[in-house]
Amino acid sequence: MNNKTKELFLKTADVIIANKEYLTELDAAIGDGDHGINLARGFKKLKEKLENDNFESRNELLKLTAMTLISNVGGASGPLYGTAFLNISKVISDTELNLADLIEIAEEAIAGIQKRGKAEAGEKTMLDTIIPAAESLKKSRDNNSDLESALNNCLEAAEIGMKNTIEMQATKGRASYLGERSIGHQDPGATSSFLMISTFIENYLK
Amino acid sequence: MGKKLINNPDNVVREMIEGLIMAENDHLEKLNGYNVIIRKDAPVEKVALISGGGSGHEPAHAGYVGQGMLDAAVAGEVFTSPTPDAIFEAIKAVDSGNGILLITKNYTGDIMNFEMAAEMAETEGIVVDQVVVNDDVAVKDSLYTSGRRGVAGTVFVHKIAGAKAAQGANLKEVKRSAEKVIKNVRTKGVAINPCQLPAAEKTTFNLAEAEMEMGIGIHGEPGTEKTKLKKVDQIVDSLISDILADLDLKKDGKIALMINGMGGTPLMELYIANRRANQILKDKGLKIHKNYVGEYMTSLEMEGLSITILKLDSGLINLLEAESEISLLK
Chain A
1 MNNKTKELFL KTADVIIANK EYLTELDAAI GDGDHGINLA RGFKKLKEKL
51 ENDNFESRNE LLKLTAMTLI SNVGGASGPL YGTAFLNISK VISDTELNLA
101 DLIEIAEEAI AGIQKRGKAE AGEKTMLDTI IPAAESLKKS RDNNSDLESA
151 LNNCLEAAEI GMKNTIEMQA TKGRASYLGE RSIGHQDPGA TSSFLMISTF
201 IENYLK
Chain B
207 MGKKLINNPD NVVREMIEGL IMAENDHLEK LNGYNVIIRK DAPVEKVALI
257 SGGGSGHEPA HAGYVGQGML DAAVAGEVFT SPTPDAIFEA IKAVDSGNGI
307 LLITKNYTGD IMNFEMAAEM AETEGIVVDQ VVVNDDVAVK DSLYTSGRRG
357 VAGTVFVHKI AGAKAAQGAN LKEVKRSAEK VIKNVRTKGV AINPCQLPAA
407 EKTTFNLAEA EMEMGIGIHG EPGTEKTKLK KVDQIVDSLI SDILADLDLK
457 KDGKIALMIN GMGGTPLMEL YIANRRANQI LKDKGLKIHK NYVGEYMTSL
507 EMEGLSITIL KLDSGLINLL EAESEISLLK
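Chains as they are written, first to last, in our numbering: chain A, 1 to 206; chain B, 207 to 536.
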C-alpha cells in the first residue's frame with residue numbers, strides 16, 4: 001500500500017517536472033513566469049527524498065511531501081500546496097480509500113488552501129480546479145455512484161474547472177494586478193492542480 | 207534566449223550571496239545552509255528588522271543590511287518568496303529579545319511565507335510583528351486585486367524604521383514609524399524592455415521596437431498599459447501625475463524623490479528623468495528635501511525606471527538623515 005502511494009507521488013513529481021515549461025509559460029502571461037520553475041524545484045527535491053526513504057504510513061509520506069514543498073517551492077504555491085498536503089496528512093489512513101475518504105481528503109486540502117490564501121471559488125486560482133473536483137465527488141456520493149465512475153466524473157469536473165479559469169478575471173495573487181487583462185489566460189495554479197488530480201485519478205483507474 | 211553571465215541557473219542566488227559576502231565581509235555574513243544575510247555583529251541589543259523576498263532586485267534587500275537599516279535579509283529564488291524555514295532561521299539569528307519587525311512587500315507569496323515563519327517564531331516565544339509595504343499606485347487597491355504591490359518605496363521603510371530601531375525605540379514605536387512611511391510613500395514604474403528569469407527560456411512579456419509598458423512591477427509582470435514609446439519628459443510627467451494624485455501634498459510640502467533604475471537603464475537616462483522630475487515638482491511648489499538617483503530596487507536586466515515620492519515631516523526627515531553605514535541611502 002505504501003509503496004503504491006510512494007509510486008503515485010513519484011509519478012506526480014515526474015508529471016510536474018515534465019510540465020515545467022508549460023506552467024511557466026502560462027504564468028508568464030498573467031504572473032511573473034516562475035510557477036513551473038518553482039514547482040519543478042520542489043518536486044525534484046521531493047523525488048530525491050522519496051527515493052531515499054521508506055514510509056511506515058501514508059501520514060508520514062504526506063507530511064514529508066508537505067514540508068518539502070513548503071521549504072523548497074517558495075512563492076505562494078509552496079505554502080498553498082504544502083498546507084494542503086499537511087492537512088491531508090492529518091486525515092489520511094492506510095486502508096483502501098473509499099469515496100467518503102476521498103471527499104474528506106479533498107475538503108481538507110481546500111480548507112488548507114483557503115486558510116493560507118483566503119480565496120474563494122471563481123477568483124482564478126487553483127481552487128477553481130479543486131473545488132469543482134470535490135463537488136463532483138460529493139455529487140457521486142449522493143447518487144450512490146461506484147468509485148470508478150465517481151473518479152471519471154471528478155477528472156472531467158476538474159478539467160472543466162481548470163478551463164473555466166480562462167474566462168475569469170483574477171482577484172487574488174499576482175494576476176490580479178492585470179485586472180481585465182488577466183481574462184483569456186488559463187490560470188497556472190489551476191493547471192498544476194489539474195495535473196496533480198489527473199495523475200492521482202489516472203493512476204488509480206489504470 | 208537572452209544571454210546572461212551566469213554558471214548554472216539553479217545556483218544563481220547562492221553564488222551571488224557568496225560573492226556579496228566576500229565583498230562585504232567587514233560587516234556581513236551568510237547563515238550556514240540558508241540564503242540569509244545578517245549583520246556580523248547580530249544580535250544587536252535593539253529591535254531587529256528583517257526583510258526579504260525574491261532575488262533579482264539587487265541591491266534589495268541584502269544591500270540594506272547594516273547598522274542603521276536591516277539586521278537580516280532573506281533571499282528567495284529569483285522573483286520567488288523565500289521559504290518559512292529560512293525566514294525562521296533569520297529571526298533566530300538576529301533576535302536579541304527586543305522583538306522583530308518583518309518588512310515585506312505586498313505579494314501573496316511573501317506574506318504567506320513570512321506569516322508562516324512568524325507563527326513558527328511565536329511558538330518559540332520570540333515576539334514578531336509585521337508590516338507590508340504597498341507603494342505602487344499602478345495597481346488599484348480594491349476588493350478585486352490583492353492590493354497595491356510593494357516596490358522601491360520599501361527602501362525608505364528600511365531606512366526610517368531602521369533609524370528608529372537604532373535609536374533604541376521599542377517594537378511598537380518602530381512599527382509605527384514603518385507604517386508612517388508606508389502611508390506616505392508612492393511609486394510608479396515604466397519599462398521599455400522586459401527581463402528574463404535565469405531559468406526561463408523566454409522574457410516575461412514582449413514589447414515591440416517602439417513600445418513601452420506603463421505601470422510595471424518589479425517581477426517582469428506585465429504592466430497596466432502598453433503604449434507607443436514616448437519621450438522621457440512625457441513619461442516622467444505621467445508617472446508623477448499618477449503618484450501625486452494619490453498623495454495629499456500641499457504647496458511648500460517637503461518630499462524625498464527617488465529615481466530608481468530597473469537594472470538595465472543607463473545612469474544617464476535616470477539623470478535625464480530626474481531633471482524633468484525636479485522641474486515639474488518644483489513648478490508645483492514642492493520642496494525636494496532629498497533626491498536619490500540610482501539602482502535601489504531592480505528587476506534583473508529590465509530597462510525602465512520607477513519614481514518614488516515620500517511625503518516628509520520633521521520626524522521623518524530626522525530619521526531619513528540619521529546615520530547609517532549603508533552608503534546607498536546617505
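Certain hints may be false.
Said to hold, decoys possible - DSSO-like mimics (lysine-lysine), calculated; alpha carbons at most 30 Å apart, straight line:
no. : chain 1 : residue 1 : chain 2 : residue 2
1   : B       : K432      : B       : K209
2   : B       : K432      : A       : K172
3   : B       : K460      : B       : K437
4   : B       : K298      : A       : K118
5   : B       : K456      : A       : K20
6   : B       : K346      : A       : K172
7   : B       : K432      : A       : K20
8   : B       : K389      : A       : K115
No lab work stands behind these hints: they were computed from the structure.
Tested hints:
Using a Cα cut-off of 30 Å, the hinted pair K432 of chain B and K209 of chain B holds, with the two alpha carbons roughly 25 Å apart. Note on K432 of chain B and K172 of chain A: the hinted pairing holds, with a Cα-Cα distance of about 22 Å set against a maximum of 30 Å. Proximity of K460 of chain B to K437 of chain B is assessed by CA-CA distance (about 28 Å); at most 30 Å being required, the pair is judged to hold. For a cut-off of 30 Å, the pair hint linking K298 of chain B to K118 of chain A stands: about 28 Å separates their Cα positions.
With a CA separation close to 51 Å, the supplied pair K456 of chain B and K20 of chain A exceeds the 30 Å bound. Between K346 of chain B and K172 of chain A the alpha-carbon distance is near 13 Å, which keeps this suggested pair within the 30 Å criterion. With a C-alpha separation of about 28 Å, the suggested pair K432 of chain B and K20 of chain A falls inside the 30 Å cut-off, and the hint holds. Under the criterion of a C-alpha separation no larger than 30 Å, the hint pairing K389 of chain B with K115 of chain A is consistent with the structure, at around 28 Å.
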